[in-house]
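Given the structure of chain A, go ahead and fit chain B onto it with the hints provided.
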Amino acid sequence: MEHVAQNLNLWWVLLVPLLPAAAFVVLLPMSRRVRNACRFVPIAAMVVALGLSIAAAVQVYPGSHIGEPFWQVAWQLATLGGHAVTISFAVDSLAVLMLVMVCIVGICVQIFSLFYMKDDDRRGWFFCVMALFLAAMLGFVLSGSLLVEFALWEIMGVCSYLLIGFWYRDEAPRKASQKAFLVTRTGDVGFFVALAAIYAACGSFEFEHIFATVANWSPALLMVSSIGLIWAAIGKSAQIPLSAWLPDAMAGPTPGSALIHAATMVVAGVFMLTRMLPVLTLNPLAMQIILVVGIITALYGAILACFQTDLKKVLAFSTISQLGYMVAAIGVGSATAAVFHLTTHAFFKALLFLTAGIIIHATHTQDMRQMGGLARRMPITTVVWTIGAFSLAGVLPLSGFFSKDEIFTVIWHSGQYWAFAGAAAVGVLTSLYVVKTWFTVFFGNSCNVNAHEGTATELVPVSILAALTLVCGFLTIPLARFLGHEGEWPSLTMAATSTAVMLCGAALGYTIYARQRSTERLKQIFNVVVSAADARFYLDWVYDTFFIRPYFWLSEALWKLDAVIIDGAVNGVAWLYRGLTRLINLLDARIIDGAVNGAAWLYRALTRGAQWFDSTVIDGIVNGLGTLSRAIGAALRRVQTGHLQRYQRLIVGAAVVIVAVLVLVLRFL
Amino acid sequence: MSTIATITTSFLPPFNGYAVLVAPALLILVAFFSLFADKLHVPDRAAAVVAAVVAAVGACWMALGADNVILFGYQLVYTGDARFAATAILVLACAWFVWTAAAGTGRTREATALAALSVSGAVLAVAALDLIVMLLALELTSMPAYVLIGYRRYRIQGLEGALKYFLLSVLTSLFMIYGASMLFGLAGSTHFAELRALTQSPLSLLAFVLLIIGLFAKLSAAPFHWWAPDAYAGSEPWTVSFAATVPKFAGILVIVRLIQLVSTGFSLAQSLLLIGAVASMVVGTFAALTQSDTRRLLAYSGVVNVGYILLVVAASAGPDGATYSTIALVSSVVYALAYTAATMGVLLVASGEGGRLSDLAGLSKRRPAAAWCLALFVLSLIGVPPLAGFFGKLELFMTAWAAGQQVFVVIATVVTVVSAFYYMRLIKAAFFDEPERQVAASEDSAEDTADVAPDVAADSAAPETPTPAPTSRVGVGVALGILLAVTLLLGVLSGPIITWLT
Numbered sequence: 001m002e003h004v005a006q007n008l009n010l011w012w013v014l015l016v017p018l019l020p021a022a023a024f025v026v027l028l029p030m031s032r033r034v035r036n037a038c039r040f041v042p043i044a045a046m047v048v049a050l051g052l053s054i055a056a057a058v059q060v061y062p063g064s065h066i067g068e069p070f071w072q073v074a075w076q077l078a079t080l081g082g083h084a085v086t087i088s089f090a091v092d093s094l095a096v097l098m099l100v101m102v103c104i105v106g107i108c109v110q111i112f113s114l115f116y117m118k119d120d121d122r123r124g125w126f127f128c129v130m131a132l133f134l135a136a137m138l139g140f141v142l143s144g145s146l147l148v149e150f151a152l153w154e155i156m157g158v159c160s161y162l163l164i165g166f167w168y169r170d171e172a173p174r175k176a177s178q179k180a181f182l183v184t185r186t187g188d189v190g191f192f193v194a195l196a197a198i199y200a201a202c203g204s205f206e207f208e209h210i211f212a213t214v215a216n217w218s219p220a221l222l223m224v225s226s227i228g229l230i231w232a233a234i235g236k237s238a239q240i241p242l243s244a245w246l247p248d249a250m251a252g253p254t255p256g257s258a259l260i261h262a263a264t265m266v267v268a269g270v271f272m273l274t275r276m277l278p279v280l281t282l283n284p285l286a287m288q289i290i291l292v293v294g295i296i297t298a299l300y301g302a303i304l305a306c307f308q309t310d311l312k313k314v315l316a317f318s319t320i321s322q323l324g325y326m327v328a329a330i331g332v333g334s335a336t337a338a339v340f341h342l343t344t345h346a347f348f349k350a351l352l353f354l355t356a357g358i359i360i361h362a363t364h365t366q367d368m369r370q371m372g373g374l375a376r377r378m379p380i381t382t383v384v385w386t387i388g389a390f391s392l393a394g395v396l397p398l399s400g401f402f403s404k405d406e407i408f409t410v411i412w413h414s415g416q417y418w419a420f421a422g423a424a425a426v427g428v429l430t431s432l433y434v435v436k437t438w439f440t441v442f443f444g445n446s447c448n449v450n451a452h453e454g455t456a457t458e459l460v461p462v463s464i465l466a467a468l469t470l471v472c473g474f475l476t477i478p479l480a481r482f483l484g485h486e487g488e489w490p491s492l493t494m495a496a497t498s499t500a501v502m503l504c505g506a507a508l509g510y511t512i513y514a515r516q517r518s519t520e521r522l523k524q525i526f527n528v529v530v531s532a533a534d535a536r537f538y539l540d541w542v543y544d545t546f547f548i549r550p551y552f553w554l555s556e557a558l559w560k561l562d563a564v565i566i567d568g569a570v571n572g573v574a575w576l577y578r579g580l581t582r583l584i585n586l587l588d589a590r591i592i593d594g595a596v597n598g599a600a601w602l603y604r605a606l607t608r609g610a611q612w613f614d615s616t617v618i619d620g621i622v623n624g625l626g627t628l629s630r631a632i633g634a635a636l637r638r639v640q641t642g643h644l645q646r647y648q649r650l651i652v653g654a655a656v657v658i659v660a661v662l663v664l665v666l667r668f669l
Numbered sequence: 001m002s003t004i005a006t007i008t009t010s011f012l013p014p015f016n017g018y019a020v021l022v023a024p025a026l027l028i029l030v031a032f033f034s035l036f037a038d039k040l041h042v043p044d045r046a047a048a049v050v051a052a053v054v055a056a057v058g059a060c061w062m063a064l065g066a067d068n069v070i071l072f073g074y075q076l077v078y079t080g081d082a083r084f085a086a087t088a089i090l091v092l093a094c095a096w097f098v099w100t101a102a103a104g105t106g107r108t109r110e111a112t113a114l115a116a117l118s119v120s121g122a123v124l125a126v127a128a129l130d131l132i133v134m135l136l137a138l139e140l141t142s143m144p145a146y147v148l149i150g151y152r153r154y155r156i157q158g159l160e161g162a163l164k165y166f167l168l169s170v171l172t173s174l175f176m177i178y179g180a181s182m183l184f185g186l187a188g189s190t191h192f193a194e195l196r197a198l199t200q201s202p203l204s205l206l207a208f209v210l211l212i213i214g215l216f217a218k219l220s221a222a223p224f225h226w227w228a229p230d231a232y233a234g235s236e237p238w239t240v241s242f243a244a245t246v247p248k249f250a251g252i253l254v255i256v257r258l259i260q261l262v263s264t265g266f267s268l269a270q271s272l273l274l275i276g277a278v279a280s281m282v283v284g285t286f287a288a289l290t291q292s293d294t295r296r297l298l299a300y301s302g303v304v305n306v307g308y309i310l311l312v313v314a315a316s317a318g319p320d321g322a323t324y325s326t327i328a329l330v331s332s333v334v335y336a337l338a339y340t341a342a343t344m345g346v347l348l349v350a351s352g353e354g355g356r357l358s359d360l361a362g363l364s365k366r367r368p369a370a371a372w373c374l375a376l377f378v379l380s381l382i383g384v385p386p387l388a389g390f391f392g393k394l395e396l397f398m399t400a401w402a403a404g405q406q407v408f409v410v411i412a413t414v415v416t417v418v419s420a421f422y423y424m425r426l427i428k429a430a431f432f433d434e435p436e437r438q439v440a441a442s443e444d445s446a447e448d449t450a451d452v453a454p455d456v457a458a459d460s461a462a463p464e465t466p467t468p469a470p471t472s473r474v475g476v477g478v479a480l481g482i483l484l485a486v487t488l489l490l491g492v493l494s495g496p497i498i499t500w501l502t
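Top line first, the protein sequences correspond to chains A and B. Quick note: the first sequence uses our numbering, first residue 1, plus one each step. Quick note: the second sequence uses our numbering, first residue 1, plus one each step.
Derived from the structure by calculation, the hints contain no laboratory data. Be careful, since some hints might not be right.
Below are the SDA-like pairs computed for lysine to any residue, each with C-alpha atoms no more than 20 Å apart in a straight line [claimed, not checked]:
#1 B/K39 / B/G106
#2 B/K39 / A/L580
#3 B/K365 / B/R473
#4 B/K39 / A/V564
#5 B/K39 / A/N585
#6 B/K365 / A/G609
#7 B/K39 / A/I584
#8 B/K365 / A/Y603
#9 B/K39 / A/R582
#10 A/K313 / A/F439
#11 B/K428 / B/R366
#12 A/K313 / A/G372
#13 B/K39 / A/R578
#14 B/K39 / A/I565
#15 B/K365 / A/T607
#16 A/K313 / A/S531
#17 B/K428 / A/K313
#18 B/K428 / A/T607
#19 B/K39 / A/G579
#20 B/K365 / A/L606
#21 B/K365 / A/L602
#22 B/K39 / A/L583
#23 B/K39 / A/V573
#24 B/K365 / B/A279
#25 A/K175 / A/T186
#26 B/K428 / B/P368
#27 B/K365 / A/R578
#28 A/K118 / A/V34
#29 B/K39 / A/L576
Facing chain B, according to a computed beta carbon distance under 8 Å, are these residues of chain A, among others [to be verified]:
#30 H209
#31 Y647
#32 A655
Think of the CB as a built atom: it goes at the ideal place given N, C-alpha and C, for glycine as much as any other residue.
This is chain A alone, in the form it adopts within the complex:
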């Protein structure tokens, strides 16, 4: 270990990701029963992690610039081909902020899941995966080198696969999990290319080294690495054109969705771009691409959110749209705006997802058209949903207003007015679908007479998130300062503009949905948009036509080719083989006759010996060894249960124990 201490020793921050990881490792080899009973273990780990995160925040207050670590550590793992491979972690203000956010959201989701998943057979496993997911995200924000970041990025990919496909017995989650995994893997190719390019450019994966040398990189490598990183973020953060997986991912359990959408998976892409901003800013084209992708995605998500009838899908597309905002903010070079929106969004989107979970439990449907009039039956749920949704729309004192305003401001100041127009249009659409959802779900005709309020274990975490959504907006200045920026309150003009935008959409939504006007006429006017949106802007169609079907064609053609060649070969060699076997058969017949006579003689001799053996050898030995051995054998038999999963666990467990013992021996000998 070589410490590069900078006046603070924050080694204990490493415990933040290690604790939930340890919870995962401890629970992994347990039986299902034990895991189900030990759900408190991951929660306890996360609570301690939250405490440590807050302590870290207090320690490093008042913060510093992003990328200026207070403490970092590099551990040399090995030397590969003459180059040192190090695992390194760094604690900077951005990391600390993310730690606190992820821990809070994580704990809320975990507590919520206690009740939400209580009837599921594999709830223990659900908690296990969540713990690993959170551990990976927490480690991800702390990582000090791109290689570590990549490893944890991949772990998150696996976890999202596991969570989305949690109900793997149904077809939809299974397919959705595969889609999510494959689409994000497509993005990961970009990450890998970027890793290679960056290593080629500067011979290291350490952020410190990368940022120190980036000015001298060759333009080609700079370009390749930027594009690769952007492609990776596009996959992970579900941006256009790799956004298809996120809406399907709603097939998983709702708390899992909350985690993926608010605190972990999709946030990772934005976070990675924020981290790599010093590289990206040197490349104007890359920045422009980021901005364009962000704005288009924001529009795409917002338009589609308006057309969804599934409550969770509305939220999914709204996540895509909000991520577009963050990416756009990065595209104009403002890490602070992106991170601020990321934080507020994490709170209110987790809030919305968890509340949606309560509603789905109460109404037993995800279809908004079968809800309605819930305000009377579920007052607390209605209030917290309203807080979250209005924050999403950007209503004045709520946190979403402040963070969105900051994004509007930075985009305006960048001088890219088309982008600002796009962002404003997204604002209109956002409040439109928020209002639509609000009226359809909570007001109007009551469809669910049996709907009931959620339980305390569900409402408490939701209320915590609601409180944070209320408060967070007023932290604009301190948060910006913590990240090393002189933040300022939104200017009056900007506040007025965004409020006007919001009201615009809200009024539209109110006229249509509160009065329950027919939308047929509107749909006729915007015919093109509507039909395109119905097909999700043909994204799935494009994938199917240009990638999936050609692949099947190719494999079928290869298979046919194979069949033709093999059949030809078989017929060609047929006569050869026949001749050979005839020859052998002939030989066989000759040999066997001779052998028969010899064997008969042997038979006779051997039978005679049998009688002697019987009485002398066997009886003595069989009775010799006692029942003790039998008892031990019976005990061992109990381990041999025949369960494949248990064997796998035993094998992996034994391997882990052996490796662990060796590591310990190496340390202390």
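Below, chain B without anything else, positioned relative to chain A:
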């Protein structure tokens, strides 16, 4: 050795080293042809006959060929020990093919093809001195074995066993490949000679441990043996007789080579191997005591025997391992042959009866010759002089003792004594138990025909008659005779063989 070599090489046609690969090459050809044998309008068992002949010729060729053949730039090196191991594998395979040809397995050609592929993989694996060649050869050895274990496609237990074998084996293959990739990253080469230059670092140790763990699992050494009993118990004795012997042979050679070439400077390798050895011996012995199924019993016996071999492998991994490396290699190969030949023999005898111990009841009345073969194989497994098992074990324990592992040798000796108890149950069943009821056998045979029938239906394209030909008792006799000859001759000649090899 040199005189024999010069005499034989002068008789053989001049060939460069590649001719040593005649046996695996021909076996792959046989496998290819027998896969399509149904289109050739030949008897189902003809393929097995061809394979047996090829294996026999290959064994002679391998035994008599030139020494120290270096192929593909030191990727395959056939020295005396590799040559002996390859010969042993081919002899075992020959016996197995003869049995298959004699008894028939239903779709015999497919069993032949699978076994031929596996054998060719094993013959390559014993000579591999390169990580990639080693991994590929090991996979080629074990993959056909998965299919063999699930050979009765319509019997659920067989498929379960095959799936367990497959999944657990894949899992542990992942360990191996992971370790191998790390070693490659560290050394910049996949060749053992370059890996030898590696210094001990946490990563290289981890890589090495992962490789060893994977090999432990392939050898079914504790605590990675879980797959073996279940996989074997699900399938028929004749598939087990192959899957439990030939692939294991390859694994033993590979682990010995790996230890020899990579272990220099790895102080912890020995303790890892000793842990595996003791765990295998103890767990295998006690688990075997309560088994009522021949296949399971022999699965655990395999665990124990691998434990003995690991003991000697550990001797060559010690600080003064270089002194013992040759004798360790030789004695483990010889013992491996002694143990696998006997195991295959027991299982082939059981193949005619059934998988449970109770199926053997009354064997001495029904098939006295087979019962006596069984007795000799079992005595060899126990280690009764003058059979191969005794001298093999003696050599193993003496080597381990000389290398300073007295405590472990004592454990091994105790385990050997205990092992006599469960091995004797085989003899007891065959000679002293009365068959419980006549129905048991007919039930079993009914079951067999029941799951042969859909196979035949599935192969309706096959032109041959669906009624299987009767078992040729002479052929079975020849197969058991080969194994018996190995058991007896290896016992008598173990001294000369070992001195010749060292």
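Of all the hints numbered above, which does this structure not satisfy? Sort the numbers upward. 17, 24, 27, 30
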